[in-house]
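*Asks:* Single-letter residue listing:
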Amino acid sequence: MQDQLKLQRAALADFGLFAFRCDDVDELLHRATELVSEALDVPLVKVLEHWPDRGEMLIRAGVNWQPGVVGHETFGDDVRSPGGYALRCDEPVVSPDLDVENRFEMPEVLRRHGVRSMVNVVIAGEGPAYGVLEVDAQQPRGFTEDDVAFLRSYANLLAAAIERVRVHEELRRSAREQGILARELGHRVRNLLSLVRALASRTSAQGRTAEEFRTAFIDRLQALSTAESLVFESNRERTDPLVLAEEVLAPHRQEDAGSISIEGSSVDLSARQARMFGLALHELATNAAKYGALSVAGGKVSLGWDLEAQKGARKRLSMTWQESDGPEITPPQLKGFGTRLLEDVVARELNGEAKLAYRAQGLNYTLSFTVDG
Amino acid sequence: MIDNKDGNLSGRRVLVVEDEHLIAMDVQDILEGWGCTVMGPVASAAAALELIEGDLPDAAVLDVNLNGGTSEPVAEALRNGKCPFLVMTAYNASHLFGALAGAPLLNKPVDETKLRQELSALLADTASDRCSGT
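If you read the protein sequences in the order shown, they are chains G and H.
Sequence positions in the first sequence follow this note's numbering and run -18 to 354.
Sequence positions in the second sequence follow this note's numbering and run 4 to 137.
Same shape as in the complex, but just chain G (with noise of 0.2 Å):
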């Protein structure tokens, strides 16, 4: 009786150290049944794994078992299976005699492996119980206080070990996700940052104060930025361009909210179409407060766009930039970044077209694009 003892708390031992070093739950729960079974010299131990959503315990891990049980079997979790009986009781189940047994049924595994006495104990979960440790002895077998006690201590090591590798599974899945999303940020914000360069390095210095050169650029980073905030506030990586053209147009509509009407449908936009889409209206709108229809009082502009539907869930966005009861309009002698941007840059960066036309009327120009929707 001695040697039982020693030879439990020296299992007890053995599998705290192990538990506190492994970090699968699998081999975590196939040595602690190996070692039970020796503790207890009982040939036949396994944990059943609650599945409450499945009203089934599943045989986890076991030894000695026939091939084809271990991760296969499975039991109700109802009080008629022993598993399941001692789960809603909730405190170990002796057996001593399965023969006299009637609390619950005898599942047909059990039957198959001889089994005639049993113990069931529950192991612990952070919420609901995570399952049972059951030892299935092949004959009549009076289990003594000290072998349930001894069960009941392992069963809870094993609980916490189970606890602690679901835990460190779930932060190391984590820490993976938050790596690859900080890198994808790195990515973007080293793109982000070239498109910066480029709008400063293109605006213009010649002709211009410093002053001049930098309200110019930060006008234009704050088109950009606009675009990038809207895109990026939203869970969908996507934007709305009615949102976008009011947000980027505003403080040229701030005197008279009359002078730049939009009229256009909603539709998704990515990151991409959003920034030039919104670096464009910047340019129009920047342009005419120069030198077209919003350089006067009584000028106005019409901005609109149509959305015509195309294969799959795509459209195309078609959309004018209208000046009119401005002053009189030439065609620059050269071309600046800014109608670059215009004719050049938004039609290669939407893969869409785009013009611009001086007509008598005023500024005209149109962009179609195609869009996912």
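Source of the hints: derived by calculation from the structure; they are not laboratory data.
Keep in mind it's a predicted model, so treat the numbers as computed, not measured.
Do not rely on the hints blindly, as some may be mistaken.
Some chain H residues flagged as far from chain G (calculated, every beta-carbon gap over 10 Å) [as the list claims (entries may be wrong)]:
#1 Glu35
#2 Trp37
#3 Glu75
#4 Glu79
#5 Ala93
#6 Ala104
#7 Pro112
#8 Ala124
Listed next, the in silico DMTMM-like pairs over lysine to aspartate or glutamate satisfying Cα-Cα at most 25 Å (straight line) [stated by the list, open to error]:
#9 G:Lys316 to H:Asp32
#10 G:Lys336 to H:Glu115
#11 G:Lys336 to G:Glu228
Each residue gets a CB set at the ideal place from its N, CA and C atoms; glycine is no exception.
Given the coordinates of chain G, assemble chain H onto it according to the supplied hints.
*Replies:* Just chain H, lined up with the frame of chain G:
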């Protein structure tokens, strides 16, 4: 080695492959400022391959990710033609694969001083032989 030690890039033909047009334009203007002749910029591997078929540049500046594709096929064609290139990307060296692996890498945003140094070094290494469009 001829005259590229000091970074004299004048008259050199440089292919630019970059899918963000604003950034491409920036690189183009920088290169033209040094007197280079820019081939492109092009935004896809297919367009780049078409452009350099039978008419290799003296050097190339490649972005890696191109609208879902990559510039790896261009890197391969350039290696086959013994034409030097450098990679300019928002990613790090571990993302360079295939023919892109081992190429000099410049991080975005472009640093003009480094670009000039790297490009001069590339051209100096190959100035004595090949790669003049033949």
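*Asks:* Now look at each hint and say whether the structure bears it out.
*Replies:* Against the structure, the hints:
no. : hint                 : in the structure
1   : Glu35                : 12 Å, holds
2   : Trp37                : 14 Å, holds
3   : Glu75                : 18 Å, holds
4   : Glu79                : 24 Å, holds
5   : Ala93                : 4 Å, violated
6   : Ala104               : 19 Å, holds
7   : Pro112               : 4 Å, violated
8   : Ala124               : 22 Å, holds
9   : G:Lys316 to H:Asp32  : 15 Å, holds
10  : G:Lys336 to H:Glu115 : 32 Å, violated
11  : G:Lys336 to G:Glu228 : 23 Å, holds
Consistency note: the structure conflicts with the earlier hints numbered 5, 7, 10.
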